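Numbering follows my numbering, in which position 124 of the sequence shown is assigned residue number 124; successive positions increment by one, without gaps.
It should be emphasised that the hints constitute simulated quantities derived from the structure, not laboratory data. Note that this is a predicted model, so its numbers are computed, not measured. Be a bit skeptical, because a hint or two may be false.
[As the list claims (entries may be wrong)] Restraint-style ranges between C-beta atoms, simulated for each label pair: (1) 211 <-> 121: 20 to 30 Å; (2) 207 <-> 243: 16 to 26 Å; (3) 54 <-> 244: 24 to 34 Å.
Don't be surprised by glycine CBs; every beta carbon is placed ideally from N, CA and C.
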Amino acid sequence: MIDDRDSNRAHGPRFVMLGAVVAGGASLLLFAWFVLFGTPFALRIVNSDAARLGFDGLLCLGFFLQHSGMIRRGPKARIARRFGAAYQPAVYAIASGAALAAVVVLWQPTDRFLFRLPAPARWVSASLVLLAVAGFVWGVRALGAFDPFGALRIKAALHGRPEPSIPFAARGPYRYVRHPLYLFVLVFLWSTPRLTADQLLFNVLFTAWIVVGTTLEERDLVAEFGPTYREYRRSVPMLVPMPGRVWERGRAAPRPGESPARRADARR
(Lines of atoms letter the chains of each structure in order from A and count residues from 1; the text may use other names and numbers.)
(Lines give C-alpha, C1' and ligand atoms only; values in the text may rest on other atoms or scores of the structure.)
Protein backbone atom coordinates (compact mmCIF):
# COMPACT_ATOMS: atom_id res chain seq x y z
CA MET A 1 0.00 0.00 0.00
CA ILE A 2 1.34 3.42 -0.94
CA ASP A 3 1.54 5.94 1.87
CA ASP A 4 -0.42 9.12 1.04
CA ARG A 5 2.43 11.17 2.45
CA ASP A 6 4.86 9.56 0.00
CA SER A 7 2.45 10.30 -2.85
CA ASN A 8 2.15 13.92 -1.78
CA ARG A 9 5.91 14.27 -1.59
CA ALA A 10 6.20 12.79 -5.10
CA HIS A 11 3.56 15.05 -6.65
CA GLY A 12 4.29 18.21 -4.65
CA PRO A 13 7.34 19.31 -6.66
CA ARG A 14 5.48 18.73 -9.92
CA PHE A 15 2.60 20.90 -8.76
CA VAL A 16 5.09 23.63 -7.87
CA MET A 17 6.71 23.40 -11.32
CA LEU A 18 3.30 23.47 -13.01
CA GLY A 19 2.22 26.45 -10.91
CA ALA A 20 5.40 28.35 -11.76
CA VAL A 21 5.08 27.68 -15.50
CA VAL A 22 1.36 28.57 -15.59
CA ALA A 23 1.69 31.68 -13.42
CA GLY A 24 4.83 32.91 -15.14
CA GLY A 25 3.80 32.06 -18.69
CA ALA A 26 0.25 33.39 -18.41
CA SER A 27 1.41 36.65 -16.84
CA LEU A 28 3.93 37.20 -19.66
CA LEU A 29 1.22 36.66 -22.27
CA LEU A 30 -1.03 39.12 -20.42
CA PHE A 31 1.84 41.59 -20.29
CA ALA A 32 2.46 41.33 -24.04
CA TRP A 33 -1.23 41.80 -24.81
CA PHE A 34 -1.43 44.74 -22.41
CA VAL A 35 1.53 46.54 -23.99
CA LEU A 36 0.20 46.13 -27.52
CA PHE A 37 -3.55 46.52 -27.01
CA GLY A 38 -4.20 47.76 -23.48
CA THR A 39 -5.85 45.90 -20.64
CA PRO A 40 -8.19 43.07 -21.77
CA PHE A 41 -10.45 43.79 -18.79
CA ALA A 42 -12.71 46.71 -17.94
CA LEU A 43 -12.81 46.86 -14.15
CA ARG A 44 -13.72 50.40 -13.16
CA ILE A 45 -12.43 50.93 -9.64
CA VAL A 46 -11.96 54.71 -9.70
CA ASN A 47 -13.67 57.31 -11.87
CA SER A 48 -11.51 60.31 -12.75
CA ASP A 49 -8.41 60.10 -14.95
CA ALA A 50 -6.28 61.60 -12.16
CA ALA A 51 -7.45 58.93 -9.71
CA ARG A 52 -6.86 56.21 -12.29
CA LEU A 53 -3.28 57.34 -12.88
CA GLY A 54 -2.64 57.41 -9.13
CA PHE A 55 -4.11 53.92 -8.73
CA ASP A 56 -2.08 52.61 -11.67
CA GLY A 57 1.09 54.11 -10.20
CA LEU A 58 0.45 52.23 -6.94
CA LEU A 59 -0.05 48.98 -8.87
CA CYS A 60 3.32 49.47 -10.57
CA LEU A 61 5.01 50.30 -7.29
CA GLY A 62 3.67 47.12 -5.69
CA PHE A 63 4.97 45.01 -8.57
CA PHE A 64 8.37 46.70 -8.50
CA LEU A 65 8.77 46.13 -4.76
CA GLN A 66 7.80 42.47 -5.08
CA HIS A 67 9.83 41.70 -8.18
CA SER A 68 13.04 43.52 -7.24
CA GLY A 69 12.77 42.82 -3.52
CA MET A 70 12.42 39.04 -3.78
CA ILE A 71 15.42 38.75 -6.11
CA ARG A 72 17.86 40.33 -3.69
CA ARG A 73 20.24 38.06 -1.80
CA GLY A 74 18.61 38.41 1.63
CA PRO A 75 15.01 37.57 0.59
CA LYS A 76 16.27 34.78 -1.66
CA ALA A 77 18.09 33.21 1.27
CA ARG A 78 14.97 33.42 3.46
CA ILE A 79 12.82 31.81 0.76
CA ALA A 80 15.42 29.05 0.35
CA ARG A 81 15.39 28.36 4.10
CA ARG A 82 11.58 28.24 4.14
CA PHE A 83 10.91 26.18 1.01
CA GLY A 84 14.32 24.75 0.06
CA ALA A 85 16.96 26.17 -2.24
CA ALA A 86 15.69 24.16 -5.23
CA TYR A 87 12.25 25.77 -4.95
CA GLN A 88 13.34 29.40 -4.59
CA PRO A 89 13.20 30.30 -8.33
CA ALA A 90 9.78 28.62 -8.73
CA VAL A 91 8.35 30.43 -5.69
CA TYR A 92 9.72 33.67 -7.12
CA ALA A 93 8.15 32.94 -10.53
CA ILE A 94 4.75 32.24 -8.97
CA ALA A 95 4.83 35.41 -6.86
CA SER A 96 6.04 37.55 -9.78
CA GLY A 97 3.45 36.07 -12.13
CA ALA A 98 0.65 36.79 -9.66
CA ALA A 99 1.90 40.36 -9.09
CA LEU A 100 2.20 41.11 -12.82
CA ALA A 101 -1.22 39.60 -13.52
CA ALA A 102 -2.70 41.80 -10.80
CA VAL A 103 -1.26 44.88 -12.52
CA VAL A 104 -2.86 43.95 -15.85
CA VAL A 105 -6.21 42.83 -14.42
CA LEU A 106 -6.67 45.79 -12.06
CA TRP A 107 -5.22 48.42 -14.41
CA GLN A 108 -7.39 51.51 -14.83
CA PRO A 109 -7.23 52.82 -18.42
CA THR A 110 -7.74 56.51 -19.07
CA ASP A 111 -9.94 57.85 -21.84
CA ARG A 112 -7.50 60.29 -23.40
CA PHE A 113 -5.29 59.26 -26.31
CA LEU A 114 -2.01 61.11 -26.65
CA PHE A 115 -1.46 59.78 -30.16
CA ARG A 116 -2.42 57.00 -32.54
CA LEU A 117 -0.31 56.15 -35.55
CA PRO A 118 -2.17 56.36 -38.86
CA ALA A 119 -2.63 53.09 -40.68
CA PRO A 120 0.24 53.58 -43.20
CA ALA A 121 2.74 54.21 -40.38
CA ARG A 122 1.76 51.25 -38.24
CA TRP A 123 4.18 49.06 -40.16
CA VAL A 124 6.95 50.89 -38.29
CA SER A 125 5.43 49.85 -34.96
CA ALA A 126 4.91 46.30 -36.20
CA SER A 127 8.52 46.11 -37.40
CA LEU A 128 9.80 47.23 -34.00
CA VAL A 129 7.64 44.63 -32.26
CA LEU A 130 9.04 41.89 -34.49
CA LEU A 131 12.57 43.20 -33.91
CA ALA A 132 12.06 43.12 -30.15
CA VAL A 133 10.64 39.58 -30.21
CA ALA A 134 13.43 38.33 -32.49
CA GLY A 135 16.06 40.01 -30.32
CA PHE A 136 14.60 38.51 -27.16
CA VAL A 137 14.64 35.03 -28.71
CA TRP A 138 18.24 35.65 -29.82
CA GLY A 139 19.18 36.55 -26.26
CA VAL A 140 17.45 33.48 -24.82
CA ARG A 141 19.17 31.19 -27.33
CA ALA A 142 22.52 32.77 -26.45
CA LEU A 143 21.97 31.82 -22.83
CA GLY A 144 21.93 28.13 -23.75
CA ALA A 145 20.12 27.05 -20.58
CA PHE A 146 17.25 29.39 -19.76
CA ASP A 147 15.17 28.52 -16.71
CA PRO A 148 12.89 31.49 -15.95
CA PHE A 149 10.42 29.42 -13.92
CA GLY A 150 12.85 27.33 -11.88
CA ALA A 151 11.82 23.97 -13.35
CA LEU A 152 15.37 22.76 -14.05
CA ARG A 153 16.46 23.26 -10.44
CA ILE A 154 13.51 21.28 -9.10
CA LYS A 155 14.08 18.46 -11.61
CA ALA A 156 17.75 18.31 -10.64
CA ALA A 157 16.83 18.09 -6.95
CA LEU A 158 14.25 15.35 -7.61
CA HIS A 159 16.87 13.24 -9.41
CA GLY A 160 19.62 13.93 -6.91
CA ARG A 161 21.69 15.91 -9.38
CA PRO A 162 23.60 19.10 -8.57
CA GLU A 163 22.08 22.44 -9.50
CA PRO A 164 22.51 23.08 -13.25
CA SER A 165 25.48 25.35 -13.86
CA ILE A 166 25.73 27.77 -16.77
CA PRO A 167 29.29 28.21 -18.02
CA PHE A 168 30.39 31.71 -18.98
CA ALA A 169 29.90 32.46 -22.67
CA ALA A 170 29.21 36.08 -23.58
CA ARG A 171 28.00 35.35 -27.06
CA GLY A 172 25.25 36.68 -29.25
CA PRO A 173 23.77 39.96 -27.95
CA TYR A 174 25.67 39.57 -24.66
CA ARG A 175 28.79 40.64 -26.51
CA TYR A 176 27.24 44.08 -27.08
CA VAL A 177 25.15 44.75 -23.96
CA ARG A 178 25.14 43.13 -20.54
CA HIS A 179 21.34 42.87 -20.35
CA PRO A 180 19.97 42.34 -23.88
CA LEU A 181 16.72 40.79 -22.66
CA TYR A 182 15.90 44.00 -20.82
CA LEU A 183 16.91 46.05 -23.87
CA PHE A 184 14.49 44.18 -26.12
CA VAL A 185 11.72 44.43 -23.51
CA LEU A 186 12.18 48.20 -23.64
CA VAL A 187 12.02 48.21 -27.44
CA PHE A 188 8.82 46.14 -27.23
CA LEU A 189 7.42 48.48 -24.59
CA TRP A 190 7.89 51.64 -26.66
CA SER A 191 6.82 50.20 -30.03
CA THR A 192 3.11 50.69 -29.33
CA PRO A 193 1.09 52.20 -32.22
CA ARG A 194 -1.21 53.94 -29.74
CA LEU A 195 -0.53 55.76 -26.48
CA THR A 196 -2.90 56.86 -23.77
CA ALA A 197 -1.99 58.76 -20.61
CA ASP A 198 -2.03 55.58 -18.53
CA GLN A 199 0.15 53.75 -21.08
CA LEU A 200 2.67 56.58 -20.99
CA LEU A 201 2.74 56.31 -17.19
CA PHE A 202 3.26 52.55 -17.46
CA ASN A 203 6.07 52.88 -20.01
CA VAL A 204 7.91 55.59 -18.08
CA LEU A 205 7.65 53.75 -14.74
CA PHE A 206 8.70 50.40 -16.19
CA THR A 207 11.63 51.97 -18.05
CA ALA A 208 12.84 53.68 -14.88
CA TRP A 209 12.38 50.48 -12.89
CA ILE A 210 14.36 48.40 -15.39
CA VAL A 211 17.27 50.85 -15.27
CA VAL A 212 17.27 51.19 -11.47
CA GLY A 213 16.61 47.49 -10.87
CA THR A 214 19.40 46.45 -13.23
CA THR A 215 21.83 48.78 -11.46
CA LEU A 216 20.90 47.27 -8.09
CA GLU A 217 21.12 43.74 -9.47
CA GLU A 218 24.63 44.38 -10.73
CA ARG A 219 25.77 45.09 -7.17
CA ASP A 220 24.85 41.52 -6.33
CA LEU A 221 26.59 40.28 -9.45
CA VAL A 222 29.79 42.11 -8.56
CA ALA A 223 29.63 40.74 -5.01
CA GLU A 224 29.10 37.23 -6.36
CA PHE A 225 31.56 37.16 -9.26
CA GLY A 226 34.12 39.77 -8.27
CA PRO A 227 36.82 40.80 -10.80
CA THR A 228 35.30 38.74 -13.61
CA TYR A 229 32.10 40.75 -13.66
CA ARG A 230 33.95 44.03 -13.10
CA GLU A 231 35.96 43.40 -16.27
CA TYR A 232 32.82 42.47 -18.20
CA ARG A 233 31.07 45.61 -16.92
CA ARG A 234 33.98 47.83 -17.96
CA SER A 235 34.03 46.32 -21.44
CA VAL A 236 30.33 46.05 -22.32
CA PRO A 237 27.54 48.66 -21.92
CA MET A 238 24.58 47.85 -19.71
CA LEU A 239 21.64 48.44 -22.08
CA VAL A 240 22.63 50.60 -25.07
CA PRO A 241 25.22 49.22 -27.55
CA MET A 242 28.19 51.49 -28.16
CA PRO A 243 30.78 51.37 -30.95
CA GLY A 244 34.03 49.74 -29.88
CA ARG A 245 32.67 48.28 -26.65
CA VAL A 246 32.31 44.60 -27.50
CA TRP A 247 33.25 41.55 -25.47
CA GLU A 248 36.05 39.78 -27.30
CA ARG A 249 35.53 36.11 -28.01
CA GLY A 250 39.09 35.21 -27.13
CA ARG A 251 39.00 36.37 -23.52
CA ALA A 252 39.65 33.83 -20.84
CA ALA A 253 36.55 32.44 -19.17
CA PRO A 254 36.20 32.30 -15.38
CA ARG A 255 36.16 29.09 -13.40
CA PRO A 256 33.22 26.66 -13.93
CA GLY A 257 30.08 27.96 -12.31
CA GLU A 258 31.02 31.63 -12.76
CA SER A 259 28.65 32.91 -15.41
CA PRO A 260 27.99 36.61 -15.00
CA ALA A 261 27.21 37.48 -18.57
CA ARG A 262 24.62 34.80 -19.03
CA ARG A 263 23.20 34.59 -15.55
CA ALA A 264 22.72 38.36 -15.26
CA ASP A 265 19.40 38.06 -17.12
CA ALA A 266 18.65 34.38 -16.53
CA ARG A 267 18.49 34.79 -12.75
CA ARG A 268 15.52 37.17 -12.78
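How the hints compare with the structure:
1. 211 <-> 121: 20 to 30 Å: holds (28 Å)
2. 207 <-> 243: 16 to 26 Å: holds (23 Å)
3. 54 <-> 244: 24 to 34 Å: violated (44 Å)
In terms of the numbered hints stated before, the structure departs from hint 3 and from no other.
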